[in-house]
Amino acid sequence: MIATLVTPGRHRRLTRRRAVMLALAAVVAGLFMLTLMLGQSLTPPGDVLRVLAGQDVPGASFTVGQLRLPRAVIATLAGMCLGLGGAAFQVMLRNPLASPDIIGVSAGASAAAVFAIVFLSVSGASLSIIAIAAGLGVAALIYLLSFRDGVSGARLILVGIGISSMINSFIAYALVRAPGWSLQEALRWLGGSVNAVRIEQAGPLLAALVVFGGLVLSRSRDLETLRMGDDMAAALGVRVGAVRLSVMMGAVGMIAVATSVTGPIAFVAFLAGPIALRIIGPHGSVLIPAALIGAILVLGGDYGGKFLLPARYPVGVVTGALGAPFLIWLIIRANKTGGSL
Amino acid sequence: MTINHRLQVQDLTAGYGDRTIIEGLGIDLLPGRITAIVGANACGKSTLLRVMSRLLRPRGGQVTLDGAAIHGMPTRALARVLGLLPQSPIAPEGITVADLVGRGRHPHHGLMSRWGPADDHAVATALEVTRITDLADRTVDELSGGQRQRAWIAKALAHDADLLLLDEPTTFLDVAHQIELLDLLCDLNARRGTTIVMVLHDLNLAARYADQLIALRAGRVHAQGSPEAVLTEATIAQVFGLTARVMRDPVSGCPMMLPIGRHRLAAK
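Just so you know, the sequences run in chain order A and B.
Residue 341, in our numbering, is where the first sequence stops; the numbers in between run on with no holes.
Residue 1268, in our numbering, is where the second sequence stops; the numbers in between run on with no holes.
Chain A extracted, bound-state conformation:
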C-alpha cells in the first residue's frame, strides 16, 4: 500500500500534537490549582477540592470559594477568549500584527468604558454592555474603511492601527478631563485585571467562548487553508470573504466580551498565537493551543503580578511588560525573514 509512505509521518505528528495539547492543558490546570491554593495563605489541595465539591470548610470556604475561585475562573476564560480571538485574526490575515489589541478592537472597548466611567458614571453590567458594543462597532468601522473589492490584510491592519491611535488619544483626553474619583476607577479598568471579579461574570465569558469560539473553531480548516494565501485558498474551495466575515465576528465578539469583564489585558491576544505556533509547530490548527496559551498567560501573569513581584500589579501590567519586547522582536524578525504565522 503506497499510503504507508506518508501515514506513519502523519500519525507521528498527530501524536506529538496531542501530547503538546495535553501538556498545555495540564499547565492550565496546574496554574488554576495554584491560584486556588496559594495566596496570602496556603490552602491544602484537599481543602480546595472539598470547597469545590461544595462542602463548607472553615477557614477555606471564603478564601477559596469567594476570593480565589472567581479570579481563577475568570482568568482562565478571559485568557482563552483572548488567545483564541487573537490567533484567529492573526491566522486569517497571515500577520501577527493583525491582533485585535493592535488594530484597535480592544482600544475601542476601552475608550467606551473610560468614557462611560468618567462622563456617565456607569458601572457594572451596563459598563460591560457599552464596552462590548464599542468593541464590535470599532471592528465594523475598521472593516468598512478597509473594504475595497474585499478586505486585504495589510489595509485592515494599517486602518486598524490608525483608528487605534485615534482612540488612544480620545482615552488620554477623557483621563485628563476626569475628576479624581473616576480617574482612579478608569485607570484601574484600563490596567486590565481580574481583581475584584465576581463569579457571575463567568457567564458571559463562557457564553462568548461557546458561541463565538464555536463559530471560529468551525472554520478552523478553512483558516488553515487561508495560510496559503487568499488565491490558493479560494482555488481550494474556501469562500474567502464569508470565512473572513464569520471569523472576524467570532473573534471580535470574544475579545470584546473578555475586555468588558477584565479590562484590556495587554498583549494576551497578540502573544498567544505566535507562542502557540512555536510550541505546537506548523501541523494543524493553532487555535486551541492558542486558547490554552492565553489562559496560561492570564493565570500566570495574574499570579506573578500578585506574588512574584515586589509590589502587587494587575495582570495587564505583567502581560504588557512581556508583550512589548516581543512586539519589537517580531518586527525586527519580520524584516529579516518576511512572513510568519
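Everything labelled a hint here was simulated from the structure, so no lab data went into it.
Where hints are given, some of them may not hold.
[Claimed, not checked] With the C-beta cut set under 10 angstroms, the calculated list includes, among others, these residues of chain B facing chain A:
id, residue
1, Leu1078
2, Ala1079
3, Leu1082
4, Gly1083
5, Ser1088
6, His1109
Here a beta-carbon is modelled for each residue, glycine too, at the ideal position from N, C-alpha and C.
Dock chain B against the given chain A, drawing on the hints supplied.
The following block gives chain B in isolation, referenced to the frame of chain A:
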C-alpha cells in the same frame, strides 16, 4: 482517466479598479490537452488565469465549465474540478512537504469529514509521481527552488483536479528543472488526461510542450491554434514587437524561434 471538462471563455471583459485589462476575449480550451498562453508583459495573461479560476469576477462575459457559468457554481464543487497553481504561492512557515501536499485535499472535505486512507493514498501518490517521497518529512523552507516547485505540483496533484491552471510554473527554475517540470505536466496529461492550461514566458518551451498555443495581445486573443500556426515570425512581431527567425526544432519537430536584436548579428 479523468472526465474531460470543457472550460470556455466567452466575450470576457475584466480588469482592476478603473483599468480594463481584458476586453471581449473568447477562448475554448481543448479538453484533455495542454494549452499554453503566451504574450508580452501586461497583456492580460495572469488576469485571464485569475478570471478562469474565479479569483476575479468578470465585468462582462463569462467563463463556463461544461456550459455552466463558474461564477455561479458552489465554491467547493468548482474547486474539486479546477486546480490552480498561482505564480508565487505562500507556504505556511515550517510546514512539511507531506502536509503541504495534504492541503490539496481541502476541496474533498466538508465541515465534518475526517482525513481518511483515500487522502493518505492521494498524498503518497502525488509525492511519488513528483519524486519527492524522500522529502516528505522535510519542511518546505529547506527545499531548493526546483524541489519546492515540485512540492507545489504535488499539492495540485493531491487536489486531484481534472483541470489544472498554472501561472508561470517555470519561473525561478533553471533550464533543467524547467524541462523536468514540463515533462511532469506532460506525464500527468498523458496518464490521467488532466487538462492543463499554463501561462509560459518561454515561447520555445510553450511550442514544444503545448498542443494549443494562445497568444494574447493587449487583452485580446491575437492568435490561437497549433504551435505551427501560432509561432510564426509575423505573430512574434505583432505580439512582442520583436524580430525573430522561426525554424524547425531538429529534436521535436516543433517550431522554434530565435530572437533577433540590434547587436551581434553576424554578417551574411
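Status of each hint after checking the structure:
Hint status for leucine 1078 of chain B: holds, given a least beta-carbon distance of 7 angstroms to chain A, under 10 angstroms. Annotation: alanine 1079 of chain B was flagged as interfacial toward chain A, and the flag holds, the nearest CB pair being 3 angstroms apart, inside 10 angstroms. Interface restraint check: leucine 1082 of chain B against chain A, minimum CB-CB distance 7 angstroms, threshold 10 angstroms, status holds. At about 7 angstroms, the closest approach between the beta carbon of glycine 1083 of chain B and any beta carbon in chain A falls short of 10 angstroms, and the interface hint on this residue holds.
For serine 1088 of chain B, the suggested interface contact is upheld, since its CB lies about 9 angstroms from the closest CB of chain A, less than 10 angstroms. Nearest Cβ of chain A to the Cβ of histidine 1109 of chain B: about 7 angstroms, under the 10 angstroms cut. The hint holds.
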